[in-house]
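Colleague: What follows is each chain in one-letter form.
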Amino acid sequence: DAEITQSPRHKITETGRQVTLACHQTWNHNNMFWYRQDLGHGLRLIHYSYGVQDTNKGEVSDGYSVSRSNTEDLPLTLESAASSQTSVYFCASRELRNTEAFFGQGTRLTVV
Amino acid sequence: AQKVTQAQTEISVVEKEDVTLDCVYETRDTTYYLFWYKQPPSGELVFLIRRNSFDEQNEISGRYSWNFQKSTSSFNFTITASQVVDSAVYFCALSEALGGTSYGKLTFGQGTILTVHP
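Residue numbers (this note's numbering), protein chains in the order written: chain R, 1 to 112; chain D, 1 to 118.
Chain D with its partners taken away, still in its complex shape (with noise of 0.2 Å):
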């Protein structure tokens, strides 16, 4: 069964500082995707990052990046240099990859409940 653990509940951080939020896996599968999706105040589920497991390379997108360990399970995604408008919740999500009988669906984590003060 797959399984995806977001430690954090809640960070509340002062504007303009980094913050990390972890999302660590389990899998049996030997292909799989890795997703984080935003929710901001509005509810909606906003697509931030897919990686696979083939694909172990760091991705950084504006002040977002992400760190992707296969040896720790682990697809951190970092903020750098924080503003208000991140204030969400942010969801790591895992998904057994399409194709046979797979369904290609999405086991989420409990989400991280960001604040970024002014």
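Just chain R, with the same shape it has in the complex (with noise of 0.2 Å):
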């Protein structure tokens, strides 16, 4: 079966170190996003990408930035990261004829 994948599912960093979050699906779909949740805001949008070689910011893109290489994968990566990146993080895909968006199962962030 089709399914899109985060790796890890927990991590604990330090203030200032650069992490890089997974975000792996099968399902081929071109369109993926990378989002956070935090108590009282939702999900918010960090970027998001059309396809290989394209990436878009979102409403929460600062400190943030993604690669797209191939179809299947997204990475999320923290340059530098702050304790107001903790978060939980979640990778979502979602093909061409307006379906629903499928998430991963996401990635609790802690940073220290």
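Just so you know, these hints were derived from the structure itself, not from any lab.
What you are looking at is a predicted structure, and each value in this text was computed from that prediction instead of being measured.
Hints should not be assumed to be uniformly reliable.
Pairs of lysine-lysine, DSSO-like flavour, derived with a Cα cap of 30 Å [unchecked claim]:
(1) 57(R) / 11(R)
(2) 38(D) / 57(R)
(3) 3(D) / 38(D)
(4) 3(D) / 57(R)
(5) 38(D) / 11(R)
(6) 38(D) / 70(D)
Dock the two chains into a complex; use the hints.
Modeller: Below, the structure written as structure tokens:
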């Protein structure tokens, strides 16, 4: 069965370190998204991609970057982790036929 | 810009009560999609329903029903005879239609925490 997986599921890192969260989907979807979930804010869009070599900033992109070298993967990098980036991160993908977005299991990141 | 508002931060009910979760949205698009997702305590996001802007028919699926009213920009979700397993965070979301330069991004509401007590 096709799926979307995130790794790691949990991570603790120190302030200032670079961190990369992986997202891999086997749906062959062109559209991929990264969201962060914080209490009181719901899910907010960090970055998104329409396909290979395409990346775009979402509403809370400061301090984050993504790259898209193939259809399956959209890794999210925190260049210099800050305590404000402690959150739960969700990756999602969606196909062109306006179906629902499929979400990964989430990554809980703690920056200490 | 698109916006979704779920005014109810937390709702607490006793099992078997009916409960309605409100969702109000804003968009300039004439074609758009509305969604509800459930996030149980285990943390994953579970898709419940998708509705496009041209289809205002209400939908019922078992104990779940959805009322879409374009006139009031609302897409409310009702759980009939609630059960403890319904306890979760529920998100309403809005998406532009995919196609052309649209990426089909989802804009989420803040979520409503539903607690069903036995």
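Colleague: Decide, hint by hint, whether the structure agrees.
Modeller: The hints, checked one at a time:
{"no.": "1", "hint": "57(R) / 11(R)", "verdict": "24 Å, holds"}
{"no.": "2", "hint": "38(D) / 57(R)", "verdict": "26 Å, holds"}
{"no.": "3", "hint": "3(D) / 38(D)", "verdict": "19 Å, holds"}
{"no.": "4", "hint": "3(D) / 57(R)", "verdict": "17 Å, holds"}
{"no.": "5", "hint": "38(D) / 11(R)", "verdict": "24 Å, holds"}
{"no.": "6", "hint": "38(D) / 70(D)", "verdict": "23 Å, holds"}
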